[in-house]
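Chains as they are written, first to last, in the numbering used here: chain A, 1405 to 1741; chain B, 1405 to 1741.
There could be a bad hint or two in this list.
Given that identical chains are not distinguished, each listed pair holds provided it fits within a single copy or across any two copies.
SDA-like, lysine to any residue: derived pairs with alpha carbons at most 25 Å apart [as the list claims (entries may be wrong)]:
| id | residue 1 | residue 2 |
| --- | --- | --- |
| 1 | K1604 | G1728 |
| 2 | K1549 | A1697 |
| 3 | K1572 | Q1515 |
| 4 | K1739 | A1615 |
| 5 | K1489 | L1437 |
| 6 | K1549 | W1458 |
| 7 | K1642 | E1485 |
No lab work stands behind these hints, which were simulated from the structure alone. Keep in mind it's a predicted model, so treat the numbers as computed, not measured.
Residues per chain, in single letters:
2 protein chains.
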Amino acid sequence: MTTIARQVRLASRPVGLPQESTWRLTEQELPALEEGEVLVRVTHISLDPAMRGWLNDARSYAPPVALDAVMRAIGVGTVAESRHKSFAVGDAVTGMVGVADHAVLPGERLQPVDLGRAPAPTWLGALGMPGMTAWFGLFDVAAAKPGETVLVSGAAGAVGSVAGQLAKSHGCRVVGIAGGPEKTRWLVEELGFDEAVDYKAGGIHRALRAALPDGLDVYFDNVGGEILDSALRLLRLKARIAICGGISAYNATEPVPGPAHYMSLLVNRARMEGFLVSDYAGRFPEATADMLARIEAGTLVTREHVVEGPLEAFNDTFLMLFSGANTGKLVLELKPA
Amino acid sequence: MTTIARQVRLASRPVGLPQESTWRLTEQELPALEEGEVLVRVTHISLDPAMRGWLNDARSYAPPVALDAVMRAIGVGTVAESRHKSFAVGDAVTGMVGVADHAVLPGERLQPVDLGRAPAPTWLGALGMPGMTAWFGLFDVAAAKPGETVLVSGAAGAVGSVAGQLAKSHGCRVVGIAGGPEKTRWLVEELGFDEAVDYKAGGIHRALRAALPDGLDVYFDNVGGEILDSALRLLRLKARIAICGGISAYNATEPVPGPAHYMSLLVNRARMEGFLVSDYAGRFPEATADMLARIEAGTLVTREHVVEGPLEAFNDTFLMLFSGANTGKLVLELKPA
């Protein structure tokens, strides 16, 4: 029995925002499994800002997605066929399945997920890469301590919404930045942020200074740009900036200015540090256990923005990240058109 | 017996480079000493890039020099009169004496210096604030390790020349950046740097890439600007940038762009950290002992650029820092006109 996989491949490297013409939908007959391989029927595809970086032909932490290759993406699915001893047909798994409805992977590159404890989208959000990113970025890279003031940008996104809640439960004062009154209200009223600043309302530096009258000890940065520069001006002594992302520049077609106030790092003996969650893979079980416990205790609100649709919906769904259309973790749940 | 002090005071805040009109020379009759105070006859005045920052009316790590106040400066001098039990007439001391030929300070704010072990200018250079800055910046902030590649800017200056030599003796490969062939030759031939790049020769990024084909683990930054941005592009995994200064922007009259390639910190899981040597004051004895031992063993080359002149020579001497006219530690040795 052969399987035909439908796949979204990279047709051309985008300049600025990806477009429909960036992609090409293909059908491929998958080869028979080799020993150790697993066939996954993909049910949920994760949309992450970092995916934009993978489209550029530039040296980075991961090689770019090659032209004509299946677009790289994390997903959740069901084992449809297995030649790996750890996986049986029907098991729920997660891994780098790509933007496709079926994928063949070595079993070593899949992890089981327990859909009885959390639904698939949550395994791509708080219990997946974004949640791990928040956990290690906040506790390890930024080393937030109780009593400190923490600023989070992209705070209504998959990573920021978790980072802010973790900081709050850790005894920090937490200020979030998000776009629009609906998101800022959600941060304060549902997630327990102390304050939220709407960057779309304008006057961002003045607003941040008002929300942070005594400055900040930790800035968890998902956006870069003007907001990072503003945060630099608000550093307290020995402050830490964790550079998690810089979505404001991901689709730039012109050179983007750097943070002009970086010398505030000197004045305040502060540091700015970049990190990649994949470096912490060995410690994911520790963080996952902690996150599951928080979710089951009701102390961590998880939210996913699930778009149902076929693979053809991939580009439009992906673009929601850059217009700020999603609140919480953005997921494409594969459904026939 | 009263003492008339000649003093250089801040007459107006400079925009761009300081000028003669920035300063006013005054004579002041010093009051009789109170208990615990010491009268110092100043012999040597330290010229440091950081002094430029103290002229700006901006929140920083130290309050700005007030208008009409004596310009802040470190110096070496001789005790002329003492009402402090730790100091006797004739003792050599160092401290924040200001740009003046005489100063009264509380004894607690003076440190003795041993002119039998090193001359006064060296106590303002390798054994003074610049040497301490190099020592703690390299070993503590940047945490340079044997076998790593270290890039130093301002490498022919007071801090950079020491930082590079410390890195070399620590087992690092060391590349220095300085202005002009005389300085770069000095770095390689006299100080033992592995390579030196002349930033005045143009094409700085290409030159740095050639000197650092495998990138850098540590960048000790004294200059900021385009060179910092270039260094960011050359980071290796887990690299550290110690932000010690940013002299390229100190006299800027227009906003200066920030380091556009800061996202290299993320890609390379690297960090950029600012520091102030004053935070390490409690550990100065440890570093001073190490530096004295290196100097006496002949393993650390110290060099001072001593300008002899009266206080009237202060502005011209200070400006040498910004044109790159000095090699090594710049000192004004007070001599009558």
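Cross-check of the supplied hints:
1. When the C-alpha separation of K1604 and G1728 is checked against a cutoff of 25 Å, the pair qualifies only within one copy, where the shortest distance is 10 Å, while the shortest distance between copies is 45 Å.
2. When the C-alpha separation of K1549 and A1697 is checked against a cutoff of 25 Å, the pair qualifies only within one copy, where the shortest distance is 21 Å, while the shortest distance between copies is 40 Å.
3. In this assembly of identical chains, K1572 and Q1515 lie within 25 Å of each other by CA distance neither inside one copy nor across copies; the values are 30 Å within and 46 Å between.
4. Within a single copy, K1739 and A1615 get their C-alpha atoms no closer than 43 Å, and across copies no closer than 54 Å, so neither meets the 25 Å cut-off.
5. Within a single copy, K1489 and L1437 get their C-alpha atoms as close as 13 Å, which meets the 25 Å cut-off; across copies the closest is 87 Å, which misses it.
6. With identical chains, the CA atoms of K1549 and W1458 are never at most 25 Å apart, being 33 Å at best within one copy and 32 Å at best between copies.
7. Taking the shortest Cα distances, K1642 and E1485 never come within 25 Å of each other, neither inside one copy (53 Å) nor across copies (40 Å).
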